[in-house]
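J.: Got chain W sorted already, so can you dock chain Y onto it with the hints?
Residues per chain are reported as follows:
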Amino acid sequence: AQSVTQLDSQVPVFEEAPVELRCNYSSSVSVYLFWYVQYPNQGLQLLLKYLSGSTLVKGINGFEAEFNKSQTSFHLRKPSVHISDTAEYFCAVSGTGGGNKLTFGTGTQLKVEL
Amino acid sequence: DAGITQSPRHKVTETGTPVTLRCHQTENHRYMYWYRQDPGHGLRLIHYSYGVKDTDKGEVSDGYSVSRSKTEDFLLTLESATSSQTSVYFCAIYGTGNNEQFFGPGTRLTVL
Numbered sequence: 035a036q037s038v039t040q041l042d043s044q045v046p047v048f049e050e051a052p053v054e055l056r057c058n059y060s061s062s063v064s065v066y067l068f069w070y071v072q073y074p075n076q077g078l079q080l081l082l083k084y085l086s087g088s089t090l091v092k093g094i095n096g097f098e099a100e101f102n103k104s105q106t107s108f109h110l111r112k113p114s115v116h117i118s119d120t121a122e123y124f125c126a127v128s129g130t131g132g133g134n135k136l137t138f139g140t141g142t143q144l145k146v147e148l
Numbered sequence: 002d003a004g005i006t007q008s009p010r011h012k013v014t015e016t017g018t019p020v021t022l023r024c025h026q027t028e029n030h031r032y033m034y035w036y037r038q039d040p041g042h043g044l045r046l047i048h049y050s051y052g053v054k055d056t057d058k059g060e061v062s063d064g065y066s067v068s069r070s071k072t073e074d075f076l077l078t079l080e081s082a083t084s085s086q087t088s089v090y091f092c093a094i095y096g097t098g099n100n101e102q103f104f105g106p107g108t109r110l111t112v113l
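Chains as they are written, first to last, in my numbering: chain W, 35 to 148; chain Y, 2 to 113.
Looking at chain Y on its own, in the form it has when it is part of the complex:
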């Protein structure tokens, strides 16, 4: 299995509070992604990174920011959480050698 972990795995927070989710990889892959999974929508791309300090927006980036200060870590921040951001968040890494993404175990976030 690809070395990819997410923390925390579960979080409950209140509307208006900041939240940061962490994705950590041990594969030294260049590309990293954040998706959210919601019933009836599948997975949707929030932000992605193609290198240290290089990030770009995905389909549903409003209300989210990301940072990547080193290859192994990709952080997703909700500056002021809203109930619409209650979701399961998945991080993924991409290995150019085999053209496939490997997914982390997910973080279940509940915003009350």
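Isolated chain W, as found in the complex:
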């Protein structure tokens, strides 16, 4: 079984400032890791994913995340945020076997202010 902890429920940040959203996971097996974004009243959209290989993963909209196996973390970063990045962000984990059942964190609400 896996679990995901998103340490911050809300993160306020000013426009053009950098941001980091934290995610830690727990698993007894190898994992795939994902970040999804949810804009108000919409479904979830994949930002980026780590399957294997390079631990630094780049995604859409200028976001990136780094997989750290020793610290069981997969933090999401963006060097300069925009108002349009205001949304809820979910970290998720799955095993590497068939089925891809996702376990989600509780989400982090990113609020970008002028």
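Heads up, a few of these hints could be off.
[To be verified] Derived SDA-like pairs (lysine to any residue); straight-line CA-CA distance at most 25 Å:
hint, chain 1, residue 1, chain 2, residue 2
1, Y, 58, W, 60
2, Y, 58, W, 145
3, Y, 12, Y, 60
4, W, 83, Y, 98
5, W, 83, Y, 28
6, Y, 71, Y, 26
7, Y, 54, Y, 76
8, W, 83, Y, 60
9, Y, 58, W, 49
10, W, 103, Y, 97
11, Y, 12, Y, 100
12, Y, 71, Y, 39
13, Y, 58, W, 63
14, W, 83, Y, 27
15, W, 83, Y, 71
16, W, 92, Y, 71
17, Y, 58, W, 134
18, W, 83, Y, 8
19, W, 145, W, 103
20, Y, 71, Y, 42
21, W, 92, W, 49
22, W, 83, Y, 46
23, Y, 58, W, 50
24, Y, 12, W, 74
25, Y, 54, W, 105
26, W, 145, Y, 27
27, W, 83, W, 94
28, Y, 58, W, 140
29, W, 83, Y, 76
30, W, 83, Y, 59
31, W, 83, Y, 32
32, W, 103, W, 61
33, W, 83, Y, 26
34, Y, 58, W, 133
35, W, 83, W, 51
36, Y, 12, W, 103
37, W, 145, W, 134
38, Y, 71, Y, 16
39, W, 145, Y, 100
Bear in mind the hints are in silico, worked out from the structure with no lab data behind them.
T.: What follows is chain Y alone, placed relative to chain W:
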């Protein structure tokens, strides 16, 4: 965008009534999932399917049943709705080629 739709998009019902939500895909994917989203809980897996007539329980399956009689449709049924089942329900499909799930637009269900 992946071809996945959900119906209805909004529903208000009364406690004790049966409710069925439909998920339809045009991608011919083998795996389909139902999640519920609640504040403070993120998304939690209710049931999933790994093929026609092949389904299994997820983390929060009590009070829900599912059926999949054809590849493109995955139905979620609340046999007797309760107020604790007020939630936003998301369907997802999984493409083994790219190892990622695609989500539908969601169904907002209110049980009075």
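J.: Look at each hint and say if it fits the structure.
T.: Structure-based check of each hint:
Using a Cα cut-off of 25 Å, the hinted pair residue 58 of chain Y and residue 60 of chain W holds, with the two alpha carbons roughly 21 Å apart. Simply put, residue 58 of chain Y and residue 145 of chain W have alpha-carbon atoms about 35 Å apart, too far for the 25 Å limit, and the pair is violated. Taking the CA atoms of residue 12 of chain Y and residue 60 of chain Y, the gap is near 24 Å; set against the 25 Å cutoff, the hint holds. Under the criterion of a C-alpha separation no larger than 25 Å, the hint pairing residue 83 of chain W with residue 98 of chain Y is consistent with the structure, at around 14 Å.
Annotation: proposed proximity of residue 83 of chain W to residue 28 of chain Y holds, straight-line Cα distance about 21 Å (limit 25 Å). A C-alpha spacing of about 11 Å is found between residue 71 of chain Y and residue 26 of chain Y, which places the hinted pair at or below 25 Å, so the restraint holds. Of the supplied pair hints, the one linking residue 54 of chain Y and residue 76 of chain Y holds, its CA atoms being roughly 11 Å apart against a limit of 25 Å. Of the supplied pair hints, the one linking residue 83 of chain W and residue 60 of chain Y holds, its CA atoms being roughly 23 Å apart against a limit of 25 Å.
Between residue 58 of chain Y and residue 49 of chain W, the direct Cα distance comes to roughly 43 Å. Violation of the 25 Å bound is thereby established for this hinted pair. A C-alpha spacing of about 24 Å is found between residue 103 of chain W and residue 97 of chain Y, which places the hinted pair at or below 25 Å, so the restraint holds. Under the criterion of a C-alpha separation no larger than 25 Å, the hint pairing residue 12 of chain Y with residue 100 of chain Y is inconsistent with the structure, at around 32 Å. Note on residue 71 of chain Y and residue 39 of chain Y: the hinted pairing is violated, with a Cα-Cα distance of about 29 Å set against a maximum of 25 Å.
The straight-line distance between the Cα atoms of residue 58 of chain Y and residue 63 of chain W is roughly 20 Å, inside the 25 Å bound, and the hint therefore holds. For the suggested pair residue 83 of chain W and residue 27 of chain Y, the alpha carbons sit about 24 Å apart, so the restraint of at most 25 Å is met. In summary, the hint linking residue 83 of chain W to residue 71 of chain Y is not supported, as the alpha carbons are separated by about 30 Å, beyond the 25 Å threshold. Taking the CA atoms of residue 92 of chain W and residue 71 of chain Y, the gap is about 37 Å. The hint is violated against a cut of 25 Å.
Taking the CA atoms of residue 58 of chain Y and residue 134 of chain W, the gap is near 14 Å; set against the 25 Å cutoff, the hint holds. Taken as a hint, the residue 83 of chain W and residue 8 of chain Y pair is broken in the structure, with Cα atoms around 29 Å apart against an allowance of 25 Å. Of the pairs offered as hints, the one joining residue 145 of chain W and residue 103 of chain W is violated, with about 29 Å between alpha carbons and a cut-off of 25 Å exceeded. Between the alpha carbons of residue 71 of chain Y and residue 42 of chain Y the distance comes to roughly 31 Å, so the proposed pair goes past 25 Å and is violated.
Between residue 92 of chain W and residue 49 of chain W, the direct Cα distance comes to roughly 21 Å. Compliance with the 25 Å bound is thereby established for this hinted pair. With a C-alpha separation of about 19 Å, the suggested pairing of residue 83 of chain W with residue 46 of chain Y holds against the 25 Å cut-off. Under the criterion of a C-alpha separation no larger than 25 Å, the hint pairing residue 58 of chain Y with residue 50 of chain W is inconsistent with the structure, at around 44 Å. A hinted pair counts as satisfied when its Cα atoms are at most 25 Å apart, and residue 12 of chain Y with residue 74 of chain W qualifies at roughly 19 Å.
For the suggested pair residue 54 of chain Y and residue 105 of chain W, the alpha carbons sit about 40 Å apart, so the restraint of at most 25 Å is broken. A distance of roughly 35 Å separates the Cα atoms of residue 145 of chain W and residue 27 of chain Y; the hinted pair therefore is violated under the 25 Å criterion. In summary, the hint linking residue 83 of chain W to residue 94 of chain W is supported, as the alpha carbons are separated by about 11 Å, within the 25 Å threshold. Restraint check for residue 58 of chain Y and residue 140 of chain W: satisfied, since their Cα atoms lie roughly 21 Å apart, inside the 25 Å limit.
Proximity of residue 83 of chain W to residue 76 of chain Y is assessed by CA-CA distance (about 28 Å); at most 25 Å being required, the pair is judged violated. Restraint check for residue 83 of chain W and residue 59 of chain Y: satisfied, since their Cα atoms lie roughly 22 Å apart, inside the 25 Å limit. Note on residue 83 of chain W and residue 32 of chain Y: the hinted pairing holds, with a Cα-Cα distance of about 19 Å set against a maximum of 25 Å. Between the alpha carbons of residue 103 of chain W and residue 61 of chain W the distance comes to roughly 11 Å, so the proposed pair stays at or under 25 Å and holds.
The straight-line distance between the Cα atoms of residue 83 of chain W and residue 26 of chain Y is roughly 23 Å, inside the 25 Å bound, and the hint therefore holds. Taken as a hint, the residue 58 of chain Y and residue 133 of chain W pair is honoured in the structure, with Cα atoms around 13 Å apart against an allowance of 25 Å. Under the criterion of a C-alpha separation no larger than 25 Å, the hint pairing residue 83 of chain W with residue 51 of chain W is consistent with the structure, at around 24 Å. With a CA separation close to 43 Å, the supplied pair residue 12 of chain Y and residue 103 of chain W exceeds the 25 Å bound.
Of the pairs offered as hints, the one joining residue 145 of chain W and residue 134 of chain W is violated, with about 30 Å between alpha carbons and a cut-off of 25 Å exceeded. Note on residue 71 of chain Y and residue 16 of chain Y: the hinted pairing is violated, with a Cα-Cα distance of about 30 Å set against a maximum of 25 Å. A threshold of 25 Å between alpha carbons decides the hint, and for residue 145 of chain W with residue 100 of chain Y the separation of about 30 Å lies outside it, so the pair is violated.
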